[in-house]
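Heads up: the sequence lines are chains A and B, in that order.
FYI, full-length UniProt numbering numbers position 2 of the first sequence as 2, with every residue one higher than the one before it.
FYI, full-length UniProt numbering numbers position 320 of the second sequence as 320, with every residue one higher than the one before it.
Warning: the hint list may mix true and false statements.
EDC-like mimics (lysine to aspartate or glutamate), calculated; alpha carbons at most 16 Å apart, straight line [said to hold, decoys possible]:
(1) B:K67 / A:E326
(2) B:K67 / A:D329
(3) B:K23 / A:E314
Just a few of them, taken from the derived set where beta-carbon distance is under 7 Å, the chain B residues facing chain A [claimed, not checked]:
(4) H2
(5) F4
(6) I7
(7) K23
(8) R24
(9) I25
(10) I26
(11) E27
(12) P58
(13) P62
(14) G96
(15) V282
Worth flagging that the hints you see were computed from the coordinates, not collected in a lab.
Just so you know, these numbers come straight off a predicted model, no measurement behind them.
Ideal Cβ placement from N, Cα and C applies to all residues, glycine included.
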Amino acid sequence: MSFFRFLLKDKQENSQRESTIHKQKQKPTLEAIKQEFSNCDDLVEQSFDQIGITILFFGHLIEPNMFNRDIVEPLTSIRSEEFHSLMERKQYQKVKTSDDTVQAILKGYVAIFDKKETYIVNAFGPKERSISQSETESIITGAHDSFVESMNTNISLIRRRLNTPKLKVKKFAIGDLSNTSVFLLYIEDIVNPDLLKELENRISNVKTDIVADSSMFVQLIDNSPHSVFPQFFTTERPDVVVNKLASGKIAGLTDHSPNAFTTPTNFFEFFESPDDNNQRWIVGTLVKWMRYVAFIVTLCFTALYVSATTYSYEIIPQTILMSLAESRDRVPFPPLVEALILEIALELLREAGVRLPTKIGQTIGIVGGIVIGQAAVDAGLVSNTLIIVVAISAISSFVIPNYILSATLRIARFMLIILAGAFGNFGLVVGLVLLIIHLGSLTNLGTPYVNPVAPMHPKDLLLYFIRPPHGMKKYRPTQSISPEPDKRQK
Amino acid sequence: MHVFVKIVAVIFFVTLITGCTDKRIIEEIAFINLMGLDLVNKEDYEKNRHLLVTASIPQIDPAAEAKRELIFTNAKSDKEAMLNLSRKTNRTIVSGKIKVILFGLDLAKNGLNENLDTFERDPIFGRQVKIVIANGLAHDVMKPEFAEKPRPSTYIDKLIEKETKMNSIPEALLFQFQRDVADDGKDPAAPMITYADNEVKIDGIALFQNDKYITKLEPDMSRYFFFLNGDFSAGAINLSFEEKGKESPVQFMYSALKNSRDIQVKVNKQEEIDVTLTVNIVGSALEYNGNMDLGKAEDQLYLEKKIEENIEKKSIEIIKTLQTNKVDSLGLGRYVRNKLAYEKWKSMDWQNEVYPNINIHVEVDAKIKDYGLRT
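Okay, chain A solo, but in the shape it has when bound:
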């Protein structure tokens, strides 16, 4: 981490500092600005010759109605001596420096150049994707809207759900090139100020060129960049973010990203889905347990197959042992190689399916289903029991609601398979222990990653391992709790 930062720092800072100082001194003349934007062919220059006014803007950043109302109509209808009184209006701002003007144009403002003065007016409103359903976190009951790439819409989605002035929004600008806005949202009085301060510290220390997405941004502020586990919870769903905010967590939104991140995060949050809250509590609880089972299955099932067929035949029931041995009899590879072949084939299929358009994607399904499923067994490349094992662990990996965690588990699964192939059940257990140790060593904003379990908070266990009836949810998780609890928080 620090290594990469060091490389970047050198290059950027020297050139940046010089030009900033230079620009700040300059008066914002038309020529100077045009000089700054030289070779930017998408910059539009428009002149109103009767009154001797020139305007500069990016055509693709502005909204035509606003542009007409605030610029074209007033400027075409006035005489030149009326210009200054027009500029007295509130939406027009006078700018003093060249740097401010450049920044404003980049942000979708229109710069109006008189002979002496320069004004800017906001006409920002590029085309954006409309609010649609989330594809990665789709649910059955409950709100279906999800974040889009526009920050205004995203914050509005949250504000609409939290009608309280206590919802605070803090803005940061990150990325030397992209200058992306990052917003921190929290509910005053509920949030833990220490965590907020820590997060602000980390964000202001980030040095990077661009911030493309929240999922990428959180990797710049987490504790263990080399861990395979996601350390910040990211979601596309405003209702999830609102729930987290209400439990005292901090949410972060990155401009141009449909993902929000929330913190402090613990491992067990990744097993939650908004559907749990909309279900009856018993059903929600059982579904939650099913996800934990799926987690264990996707992690260990193939590894268990490998260790059982390679070392510990005793643990397989007699009847299965016979059919297993029969199907394995034709396979030329040891179980480890056999399992790796099929697991890698499945990973290839999955990756191919993600990239392909839906129409061709169906072909992949057929190829995968028939070729891998049937023909591989017929050809004696893999045993049919393994097909079932791998299929069940693949299905289980889809049960985990968070895509990033599910991808992580795929990696961890390979580690366990190799350990199981080398050391049998012993290796499998060692692998799991290493995994647990690693999870225990992770932190998020200085709070333990496996929080309600270690350190143990029995009340919180109730929140994460069962979905308590809503009437009983009278407290907030200890991990994000504010030192000065409000009345409801006991």
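Fit chain B to the given chain A structure using the hints.
Relative to chain A, chain B alone:
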């Protein structure tokens, strides 16, 4: 470096430098399901300790016609037999899946302690291993192939399991058998099977004195043995008795039994030991072709009395057999031991002198719980 990188490095190296010699890939192993130990020639056994070891291994090659591989050898022990047997198959022989150990009758008569030792010592034998006695040679029971029972090993295992559940043969798992051998107040009993008339079937209960086979109870007596042996709730007995006004004996099916047994030991001043076994049975009348009206209380009482008499008679018969053969399969010694001072118990020869001569009474209390709609 970070912990994760360390973990990856460790995994990488251990994977490369590992030398795994104890791999047992399932299609390369021959897991014995059923093992038979026989004493063929007594003189040879006394001189060389030679046993006939027979192993039944499920066949996994789909091309093979037979569903199992039957291999046998002469060896001094189970472990030596493994070495000999492995020369007769293309797979590695393992004994982690042995379900049943079948002892031949002659070997059982000679005592099993010596042979059980190896099974006791080797941790690969789990608590699931059943001890079964073959009436004859174990090899003969294992050898025949049946078209309808392609895997005799599985068949025998399931047969024993089912019959144990139905309480018609005692459960004799390896550790239970050895515990009873070691207990001076109880003698072990084991299920017995036989190959006759082209079928393998249960042939009663083998009764042991310590580790030596003494005699057996016929299958039709085994139910009565269980009435005396302890509490259970399953099974049925068929009784037939004379009734007034009926020429042929009346058939009575007493089913869905629930049995509870109580043992009371009395020692009087002359140090005579007196044991009373109280048996309480509750069951349904499933079949009855006599003249009595089962709906009437007095007729019910009469029938209950008949049942009690019948069971008592058979029970006394069993107890006589046990006493004359000096086998304490019911574990009466345990109850007597609890009544006596330690010195007293130690000083007497329970098995050979005391047990055959004590008074044992049986009191049966039978109840007909229900008798169906037809009266």
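Do the hints match the structure? See the list:
{"no.": "1", "hint": "B:K67 / A:E326", "result": "11 Å, holds"}
{"no.": "2", "hint": "B:K67 / A:D329", "result": "15 Å, holds"}
{"no.": "3", "hint": "B:K23 / A:E314", "result": "13 Å, holds"}
{"no.": "4", "hint": "H2", "result": "4 Å, holds"}
{"no.": "5", "hint": "F4", "result": "5 Å, holds"}
{"no.": "6", "hint": "I7", "result": "6 Å, holds"}
{"no.": "7", "hint": "K23", "result": "6 Å, holds"}
{"no.": "8", "hint": "R24", "result": "6 Å, holds"}
{"no.": "9", "hint": "I25", "result": "6 Å, holds"}
{"no.": "10", "hint": "I26", "result": "5 Å, holds"}
{"no.": "11", "hint": "E27", "result": "4 Å, holds"}
{"no.": "12", "hint": "P58", "result": "5 Å, holds"}
{"no.": "13", "hint": "P62", "result": "6 Å, holds"}
{"no.": "14", "hint": "G96", "result": "4 Å, holds"}
{"no.": "15", "hint": "V282", "result": "36 Å, violated"}
In summary, the structure is inconsistent with hint 15 from the numbered list given earlier, while agreeing with all the others.
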